[in-house]
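Residue numbers (the numbering used here), protein chains in the order written: chain L, 1 to 326; chain U, 1 to 246.
None of these hints come from the bench; they were simulated from the model. Accuracy of the hints is not assured; some may be wrong.
[Unchecked claim] Straight-line alpha carbon distances no greater than 30 Å define the calculated DSS-like cross-link-like pairs of lysine-lysine that follow: (1) U/K24 to L/K90; (2) L/K16 to U/K220; (3) L/K316 to L/K230; (4) L/K230 to U/K162; (5) U/K244 to L/K16.
Remember, predicted model here, so these are calculated numbers, not experimental data.
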Amino acid sequence: MSVLVFVEGLNGEIKKSSLEAASYGSQVAQQLGTTATAVAIGEVHEEALAKLGEQGIGKVLYDADERLKQFVADAYVKVIAKAAQQESAKVLVFSNSNIGAAVGSKLAVRLNGSLATNVTSLPKTDGGSFTVTRGVFSGKAFADVALTSDVKIIAVKKNTYEAAHNAGSTATIEKLSADLTDADFAAAPKETVMQETDGGVLLPEAEIVVSGGRGLKGPENWHLVEDLAKALGAATACSKPVSDMDWRPHHEHVGQTGITVSPNLYIAIGISGAIQHLAGVNSSKVIVVINKDPEAPFFKAADYGIVGDAFEIVPKLIEAAKALDK
Amino acid sequence: MKILVCISNVPDTTSKINFTADNKEFDKNGVQFVINPWDEYALTRAIELKEAKGGTVTVLNVGEADAEPNIRKALAIGADDAIRVNAKPTDAFFVAQQIAAVAKENSYDMILMGKESIDFNGSQVHGMVGELLGIPSVVPAFKLDMVDDSTARLEREIEGGKEVVEVKLPFVASAQQPMSEPRIPNMRGIMTARTKPLAVKEPVGAEAKAEYVNFSKPEKKSGVKMIDPENAGELITLLRNEAKVL
Ligand SMILES: Cc1cc2nc3c(=O)[nH]c(=O)nc-3n(C[C@H](O)[C@H](O)[C@H](O)COP(=O)(O)OP(=O)(O)OC[C@H]3O[C@@H](n4cnc5c(N)ncnc54)[C@H](O)[C@@H]3O)c2cc1C
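So here's chain U without its partners, still in its complex pose (with noise of 0.2 Å):
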């Protein structure tokens, strides 16, 4: 089975976000990246099914050099090769169409990917790969196992409950928790992800529909009203009276 598994290279969760002066752009400085925490959930499932019932793991990363340190880290997890097609994303539909055009040379049986990124949180690339290659896009899957050679068997989240979906190869879905338990690499997998091949594509052509005009912070909380625990009811009447929220 041939597994690509897409990663998105985003800013350590623990990151205070600040942006250029001109709030036109993410400001990187003193920032650690890491592989999307959602991505990482496909990339383990995707390694579990290989280790299973063999094949092979691919990791794509649109993105700039920068993000070829946590592309050797996937590689060090498990992933047999990556490539990254040199691009900065512009939007979701940019990276959509890379993805697409990597996908259609290759002929994977399926493509994992995060159910978001945590920076752009656009849940939008699964969905628009699986339209652009014409196969079913199976999103937020938290479930993946395989029924058969060609079929597999998710579980997807809806509100309010979740649906069970068998689908035939080759199909799309982003992951979720708990879908496994991602994995922290080992030092063999440190050194041996040193000789993996990454190979480096030159984008398609493909236009950008959304452009990023501005960024703000959102505003500070005015300050915590303190109560006093031994009166903590009052809480209940400040919620009603004051803040309205009851």
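Bound conformation, chain L alone (with noise of 0.2 Å):
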């Protein structure tokens, strides 16, 4: 009996989030007196696997074959589903990632586990329950599930659980093969498209996220939300109206129809603070709102406001955020 953490890989790396997560299964594994397993699949990189020991993974069980550098859900699950089996797992861990939600769910039926995504929270685990809280209805409220069967899937939303880092642990890696054949690359990806990130900041990771609405009244203007996120290190979004008018890219679109994010810090400038823009949102940590109407909803939700012109406010935030010694 095992806790088994899946992690997933950019450019080498382990994501933020699955090292979030890796800590999150860490936990789990000693509150219920057993050790955790990672499962790693396509292009990492060995020191960053052995790393995983920071995050208190003991083992790391990788599997490298060539085909699995895209996501193809039906061969990932088929590993994790091998790594489970091999490592008696009662509980499995991952990142609430597009990837996560994919294989989790497959994972689910083929474990003939109980599965919970978005979870914010530990589980509890007294008298005999096993009990995690997970967010509902767009960020408005959290449920408490119990997960009744004998294996429990558990997808831990991003940042909302931080990773340990306990310098010069080193997790041993073992190669793991899962047999795979070419059936479970039937629905394997002809061409992956990696967008241009300023700054290598991805939205979904980020712990900073400047955002703009329609208050910017148009594409020409949102230098002054990339100059600011670049001096903050930060990743950029947008309101739902702007990304239909195309003054943004879809993949920046936060809300309750967009992307969910909860970083550390979140600007939103020239955002009205609609209900299903906050969906989206207001789970960050810190919520800085910079607009010219002093009864945009958005300041009931915030930290901290600006009551005043974003075009005169932002470029002396940017001045501010470049003289900050990092």
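Starting from two chains that each stand alone, build the complex the way the hints lay out.
Okay, structure coming up:
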């Protein structure tokens, strides 16, 4: 019986959200008096795998099959299921990412397990029950869910559980092979296209997000958002009408029908704070709102606010941010 | 082409969320229900494909009778017929089993649904249905076209980019923006929807694997600290020294 964490790689490194999942998994293992093993797939450097020891992982199972460089749900599921069987894993932990959701739901069927996504707490395991808290109603509420199957699968919401760093601890690496066949690659991608990210900060993983709304008047003014983001090492985002009008790409749209983010800091510039927008951002730890309308609903959800014209305020913020010593 | 579109009936996006006194259930009092916004992307794309290539679009809801107005709305938008599995959805696995049971009886070429529902935010049903039926699921997809009669081409979002996937029919896909531009039903659609078939089926026996035991709401923010626009730069100092997020 052990806890198995599925970690995702990006450019050879482990994603921040997977480091969070690894720490979460180690904590659950401790709670249950067992050990945590990670399973990694695709292209991840060996040093990065060994460093998972810092998050409390003792052993990493690694399938280096070339065909797994790209995400293929069926093949990934087979590898993770094999690892779960090998480790007799009773708890599986993922990050609540697009990949995590795709494999988690398939594994729940294959392993006959209970699945909880969007999880924001460690499990409560008193009295034989196993209950986690998950975000529901687009961030407007939480639900406590009892997972009743023998196998429990948990997808941890990004940025809600901090990654531990016990410097110097290393994990051992073992090769894993799941005997993949061509059929497992029937829905393999033809092509993978990565976005250009300013300074390499991915929006769903970002700790700081600078976001712009219709108040910025047009795409030609987006340098204000971008420059502030650059000065703070942040990712950029936008409200729905902004992406609907093609001022910004759709993958930047946050909210109820866009991406959900929960960064440490969310800065909203010229965004009214409609309930559907708030739904995707209201679990951010600190929210800053800049809006010329003092009645903008966003101020009710904010920790810091400035009433004023974005075109005057943001340049001052960029200047102050640039002056920060990093 | 036979397309099955799964829709869920969810609180309107502007709803204030409340729970019953014992915090065991969502309080439906005074709440408007709508078709889950992400399901609308799937529904409209299915109708567009039908208009271009022929075929039928069936909508499926696992839910109680109070979902029927929104099922009729889906028919008014352009679906041909509808099935309601008469059950209170308990968890994603239960719902997925109902969908898979309907799919097994009717062999659809594709099964489309939203990326997640805006009430339970599970992102689970699509993968479970694919697995139960032993067919690929491509999630979450923001583009869906036919290459030829037996192959579809989808673009799915991955963190930091996209993947282009070609799959043979049948398959499951979940939809997200901007797969299509959701439509508003017109008068003619509303009239014809009244006469379109809506079959009610009893659920297949299926166990739930997750039990919702309690609901709660996030703590309210303690209030906003306003900063003088003249000294806007002060915000950056506060974010570093007081909020400690920089
Ligand atoms: C089903 C459904 C789903 C939706 N999903 C989403 C979603 O996921 N995400 C989302 O964002 N929206 C969503 N919406 C839309 C949402 O209701 C709002 O329409 C949208 O969030 C408004 O965007 P905005 O604040 O950028 O624009 P507006 O509402 O136009 O607000 C612009 C704001 O900018 C301010 N402003 C103007 N000029 C300046 C200036 N010079 N300086 C400073 N401030 C200025 C104004 O005072 C105003 O508050 C959804 C709507 C529906 C019906």
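What hints, given by number in increasing order, does this structure fail? none
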